[in-house]
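K.L.:
Here the protein sequences come in this chain order: S and W. Residue numbers are given in our numbering: position 397 of the first sequence equals residue 836, and the series is strictly consecutive. Residue numbers are given in our numbering: position 640 of the second sequence equals residue 773, and the series is strictly consecutive.
Read the hints as simulated data drawn from the structure, not as lab findings. Ideal placement from N, C-alpha and C gives every residue a C-beta, glycine not left out. Do not take every clue at face value.
What the hints assert, rightly or not - Over 10 Å on every C-beta distance to chain W, these chain S residues come out as not near it, computed from the model:
1. Thr499
2. Ala596
3. Val606
4. Pro855
5. Asp900
6. Ile955
7. Asp1023
8. Val1039
9. Thr1065
Unchecked claim - With a Cα cut of at most 27 Å, we get these calculated DSS-like pairs of lysine-lysine:
10. W:Lys475 with S:Lys918
11. S:Lys973 with W:Lys475
12. W:Lys475 with S:Lys774
13. S:Lys777 with W:Lys599
14. S:Lys1042 with S:Lys1018
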Amino acid sequence: MDLDPEGIFRDDSDEDDDNTQEREANKEMVVYLVDASPKMFTPAATTTQADEKQETHFHTIVNCITQSLKTQIISRSYDEVAICFFNTKEKKNLQDLAGVYTYNVGDRDPLDRPTAKLIKDFSSIEDSFMSNIGSRYGITAGSRENTLYNAIWVAQALLRKGSVKTVSKRILIFTNEDDPFGAITGAVKTDMIRTTVQRAKDAQDLGLSIELLPLSRPDEEFNMSLFYADLIGLDGDEITEYLPSAGEKLEDMTDQLRKRMMKKRRVKTLSFAITNDVCIEVNTYALIRPTTPGTITWLDSLSNLPLKAERSFICNDTGALLQDPQKRFQLYNDKVVKFSVRELSEVKRVSSHHLRLLGFKPLDCLKDYHNLRPSTFIYPSDEHIFGSTRVFVALHSSMLRLGRFALAFYGNPTRPQLVALVAQEEVASSGSQVEPPGMHMIYLPYSDDIRYPEEVHVTSDDAPRATDEQIKKASNLLKRIDLKNFSVCQFANPALQRHYGILEALALGEDEMPDIKDETLPDEEGLARPGVVKAIEEFKASVYGENYDQEEAEAAAAKASRGEASKKRKAITDAASQKSAAYDWAELADNGKLKDLTVVELKSYLTAHDLPVSGKKEALISRILTHLGK
Amino acid sequence: MARNKEAMVLLLDVGPSMHGVLQEVKNICSTLVHKKLVHNRSDEVGIVLFGTKETCNELAKELGGYKHVMVAHDIKVVDEGTARALQNLPLGTVPGDFLDAVVVGLDMLIRKFGNTKGKQRLCLITSAQHPLRDPPEGTKEDQVDTIADQMKRHDIKMNCIVFREQGVHNAVMEENDRLLYQFRDKSVAKVVQVDSPTSLLGALKTRNVLPVTVFRGDLEVSSNFKIKVWVYKKTSEEKFPTLKKYSDKAPPSDKFASHEVKVDYEYKSVIEPDKVVPPDQRIKGYLYGPQVVPISSAEWEAVKFKPEKGVKLLGFTDRSSILRHHFMKDVCSFISEPGNTKVTLAVSAIARAMQQMNKVAIVRCVWRQGQGNVAFGVLTPNISSVNNVPDSFYFNVLPFAEDIREFQFRSFSSLPSSSQPTEEQQEAADNLVKMLDLAPAGREVLKPNFTPNPVLERFYSYLDLKAKQPDANVPPLDRCLKRITEPDPVVIDHQTPLIQNLGKSFELKENPKKKKARTQDKLAYTGGNDQAKSTEEPSVEKDGILGVLYPQTEDVGEIGDLNPVQDFEAMLAKRSNSTWVQKAIEEMQKYTTALLENSRDGDNYQKALECFVALRKACIIEQEPQEFNQFLKNIYERLKTGDVANFFHLLSSKNISLISEEEAADSNVTEEMARRFYLKQEAASQ
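Next comes chain S alone, as it looks inside the complex:
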């Protein structure tokens, strides 16, 4: 059986820079269509406390979109986005259709990359929404307007730019009205439904995907089958996927919406050879990757215009300019050994498959130190090979039940590597998926990558081991300092938050630098609770002895009084200042005679004045001149 005649499984991306790959390959354009009918502004949940401010669905959506834009500007700032409201009083759109308002700020195109100002203004849109844009029921009896139809048409027009081949285009509809044509009846209704569905079909035929993010209330569930299932073309069993779990808390719904707004981006499609005859197709996703402060661009400090970097290759021996050299070399036994790029890539090609199953091991064979890089998530796909999902699901459930992980060889062209495939069961809490079902690919180290630091300092004596009493004290400590409900993703990266906080402030021209709270600091208050302090003290006494602090202080004092190293350093400085005093430095500098002195003499000045003594002679001289103020 020939599984991959068309080269679907070509190795085309380098795992290490999958971020750039993702950006280039799957640029995304999204139009958010937000329902602004009065129904969206009625309180979402019926709370008993009347004085509590009641949240509306509209508020939820504004929050979601703001959060999503904030993430986007950090991690996917190349994607373009437009925000449109429909069922509005005012209209603002290219086609001048009623009831649709395209939201925008500044001189930004309606569909463009998000800017700091857009996010800032949009987050506070609710304050001015009613006065500037206004809300009304769009499709009413007696009016010929079809605002939903208009909205889809506006979105389609916005998404006209860019080719569908390189850009993924999406329309996301946010609404809590499951029956938009409920207010009208008769032939008008059927006609309107027909044209709207046709409009959506046309858009989908053009390669735009239309998704619905329905909101529902505890007392009435959003009924997909009334209209929207037809609009986005869902089949029976797909509808359940879409349904928000009603009756849940509003925060959970925000969470769900936020997750659903994110488009899954796959890194690669791989062939996974389970045996010689069974080879299935899986997609890989980078669910966890360190987010970095982004790339920097060099600017001309005078004009603040970007600079273009030009690279040139120069022969070290002759100084001749070279075209990008194709040969590489390695010094081996002081001899030059040449390789062509092709030979090097052939050396790395050690596997016949992308992913080759070798066998299974019990989960406890996967040690905590068997890790090198963030894991990659794999999920089956039937896109090219029908039946892949079925094989994957069967293996997945066998591995979960038997407590095994699969050992496989991943023939990545940059670093072919052994990987552990650990089956992950789906975890859901309050209606939203916490861990998706699939397998995590964990990159295993080779023997060359593992070190044994714990054996560096061994002596022939037995290492001290804690007694049961000490372990008991430690257990008590563990119980006292327990992080309840700890979850990995609860901490924001303080460095990144600060970085983007500063950038945002500068981008908006604000003077005040934001104050970012470092969430990763320990809870000092909690640690100061008497119970905790007592547990710590007891444990400390049991392992360190009663008088540890005193001993330490004495040892430190003894060390300070001896302080041989510091004495030595002082002696050197003294000697240097004596030596340096022998010269009239200012005069030497004025006459340009510094260069006649030796490096040792120059350094005496630097040492005497507590300056760095590194660098070449010129560097030393210039440092002295700077210090003299010349």
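Use these hints to put chain W onto chain S, whose structure you have.
P.N.:
Frame of chain S, contents of chain W only:
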């Protein structure tokens, strides 16, 4: 570099019990030498063989005894000689006495270096299966003590690698093991046991890395309880060496040419493309959406995030709340400050309490002052099983909220029934998971700790080969290394019915809609299972390895992957002068070689056969019989023992042999010679 200079003596058991793995012993030691030739040029290496028939060592000459221990190479700075000494390891005839070898190796080091400081290491590879000779006085244990004391005095360490096939066990071995472990307990040796040739390759650390701490300081539990720790890297990827760009501009007469290429960057303004902007006029711009925000380094320094150096405990939590796939980076070890008993006790107590209660610790780390970010991670206990190794923690970095992308995937239970396995299919999968067991009863194969990096092994051996033959091709992957990239054929054979059953239970079909989509693209990997297809329609076989190796260039005319024979004939037909014929033949030879070298399970045979036929025919017509004959001889010599050996049976059966005088006058091969070519070679090789 010199700081990390090391002298080592390899003590290699070549006795009968080691004959099966001598090739691997040679390979692993060669890799060690090759790496030293690249990275540690001033290291010194000596080689001692034991279990040999001959005896050749200083101690035997001076004192007598120490039989069957042969110094194959004196301690010298590494060079080709060191590598050469490993090339032909003799098959020893006598059961080796490893203790004698250790004494000889130790004696060599002490004689050479005396009391001078510097790293010195012995590396013993043995099966330790045979009884040791009794010492003239005292017990063997006393002898080991004496040797260990000597080693300690001279600060010499030892690595022992004990190789034994699975299932071999007796009382002698137990005694030998006890003696070896006695070295370990004296803290002069590290002992590892391996049972497969592949893990033997991974058992020796071939690159000597000086351990450097990431952090030394306090693990702060609270403001008045601190634990002094040293943090080291536990795993760190050994990278493929970065090769320098080669410049061929230097005249060949220049013996001291560096051949290096300097890469120069110039920054030019967008408006005035001719003007180079000097470094001090450049300023960094950070991207925020479409905006670029310029900030000078000084400004940035003033406002950026500056955490205090230190490691702080946030608290403890259940192990289950940390998911294994959240580990982000290479791993660190937290070791208690060496020599500090109280701290070691504290670490031991907490680690053991964590183990008992199934808890982990969450910590926040800033390794250095001035570091611009914090690492946030989890400490897990590492309970030591060796007496003189203290307990410690492993540290893994965890993701921040920004690092997690919460993609939603369809839950398996909601998949349509066409994607759900039937009971029978589920059973087939269950059986596969049960039967393809890589860790039966405590005997785990392919342990990461003993699995070498096949790419690095291959690179260093290729590097050595290239130093001798600059035009050598990349050698095929060693058989032992193939055990890492592919399933063990023995296991596969054993489980054939099971595997077939799995294949039968599931039906996989290509999506017909997608089939025509990307005809231009070619498969980068040959599937191990397209053999059937390749025999049916060999000319449209699409194994693009060759497409990648020999990319098409339009003007020259090349042997393409689709129709190699036609391309070849086209090239011959197109010739405008005789160099074209030469070129065509050369190309075809290269192509065919690559085809065979990259063949897996014979999938390219049919195609290669056609190429051979075409090449032979062309060489007869063009009166170039030598070209073909030489080519056939070479390729046969090179590949007859490899995986493609049976391809030559195929050739033989099709009567594709050397071109004889009868066929082309220029040939110096008689018809008889041609006919007997394969037979003779086979006889010679047996």
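K.L.:
Just pull the numbers of the violated hints for me, sorted ascending.
P.N.:
Violated hints: 4, 5, 6, 12; rest satisfied.
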